[in-house]
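Colleague: Here is how the chains run, residue by residue.
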Amino acid sequence: MEARIGTRNTKSMIFKGVIMFFAFLITVPLIIILLYIIKQGVGQVNWHFLTHVPAPVGEVGGGIINALAGSFIMVLIASIISIPVGMLAGIYLSENPNTKLAHYSGLCVDILQGVPSIVVGIVVYFWLVKPLGTFSAISGSIALAIMMLPIVIRSTEQTLKLLPDSLKEAALSLGVPYHRVILKVIIPCGFSGILSGIMLSIARVIGETAPLLFTAFGNPYLSGAINKPMESLPHLIFTYATSPYDDWHNLAWGASFILLMFVLILNIVTKVITRKWKIQL
Amino acid sequence: MENTIVKAENYNSYFGDNHVVKDVNISINKNEVIAVMGPSGCGKTTFLRGINRMHELIPGATSTGKILLDGENVYDMNAIYVRCKIGMVFQRPNPFPNMSIYENVVAGYLLNGLKISKAEKDVIVEKSLTSAALWKEVKDSLHKKGTFLSGGQQQRLCIARAIAMEPELILFDEPTSALDPISTSSVEALFHELKANYTLIIVTHNMQQAARVSDRTAFFYLGELVEFDDTKQMFTNPKDTRTQNYITGRFS
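Here the protein sequences line up with chains A and B, keeping their order. In terms of the numbering used here, the first sequence has 144 at position 144, counting the first letter as 1, and numbering is strictly consecutive. In terms of the numbering used here, the second sequence has 43 at position 43, counting the first letter as 1, and numbering is strictly consecutive.
Hints were generated in silico from the structure; no laboratory data involved. It should be emphasised that the depicted structure is a prediction, and the values quoted were computed from it without experimental measurement. Among the clues, some could well be false.
As the list claims (entries may be wrong) - The calculated DSS-like cross-link candidates involving lysine-lysine, where the alpha carbons are at most 30 Å apart (straight line), are:
no., chain 1, residue 1, chain 2, residue 2
1, A, K278, A, K184
2, A, K271, B, K145
3, A, K184, B, K115
Bound conformation, chain A alone (with noise of 0.2 Å):
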């Protein structure tokens, strides 16, 4: 037995050395990937490349603000329809989770969230961009709405799951309406929870490239419609780079910076927002 402790010691310490390897090694792809794009893509960004649209081909410079705008505005619609959308399905799994309604709608949910990107669009497709005729803004924006409602509800639903009763039972003893519980009570508790899954989501869909290919389907040019195409970053970095032409690729590098940008930025302000709103149970 002693003979061995110095044998399991070094056992232990390799295996600590193993999964502190691989730890490290995970970062790797993502310190890369920014890397990279930041090297090719900085140098495309000034004042000109955000508020210009792309120049033709043979022309210098140009821009991505009709992206900017159409992502914009896209995940703005998206957010309008999914969120309240989301949260009221969300409350009703969390409050009523042994009901048969609760355990299908939630295994719908699961579904959902596994359907591959291209289908949703695909349906979006055939259901509204074939029947009114025209690809546009709003059917891209309801492709993206449906992908962000099963994140949205999942942490709604995980969020106010982690409250106790008894702060609702606090609230019903003082006479308290059950509406006005679950409005004034449950979701300011578990607000910076759900706050965090709308960002999450938001980051989830505004590099979603599938489901807008036949929906909004792109734009050259600037436009705020919504029943007309409309262009968008993940869109515009993929018509760009899979050009021919160098000053397009350039284009696409800006795009993707600026995308990346976002989504980072977005992740880090959720990390600061859950734990600086986090409230104390």
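We have chain A; now place chain B onto it with these hints.
Modeller: For chain B alone, kept in the frame of chain A given last:
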């Protein structure tokens, strides 16, 4: 009797098929402190939660019989109205974590959307916190979160929150079981003062506490109200052998 504030008539409670409170008849007078004691799982808390209709919020929970509050059956009244008239303090202090001490006291008004002026709120807050023996300790930190207080202070804050609604009756569900001895005595001391203005029903499985704070004691065993008498009488000369066995510690 004119002095009666709460009266239970053939009151039964169930969780599904489980008969938890069996045919309870009891009559409680104004400005009394009633202790409800008994071993765990004997239906004390369930009975208490039947009085302000909190019992029915649990899925599968039902009840029969009458609970009369000032002669009117609470089961014929709107549940929300009943809960406004009857305050409740829970086992664990549960101040609202998203609210300051000040807001916690007037939470009943804020959450119900009752419009009252700032001046009225100030009066209610000071009066309620004073009645809950907490004013001196927190008057300089009214706008801090209630969750920063100690356990005993939080529980007194919850009492202040109940008092603020000016209920006729306050129900306490093992109010000191999650508190340390010092906090417990601060809450117990409060019961004597509250008696002047309110009727208190206190569920406890701490016999000493029942003996210390109450005027009359009800002993529940296996869902039945076994004995209900003056506290002194009950602890010195119980009529029922089950009460005697419980008090002498043959079972707990």
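Colleague: Take the hints in turn and mark each one as holding or not.
Modeller: Quick rundown of the hints versus the structure:
no., hint, verdict
1, A:K278 / A:K184, "16 Å, holds"
2, A:K271 / B:K145, "23 Å, holds"
3, A:K184 / B:K115, "15 Å, holds"
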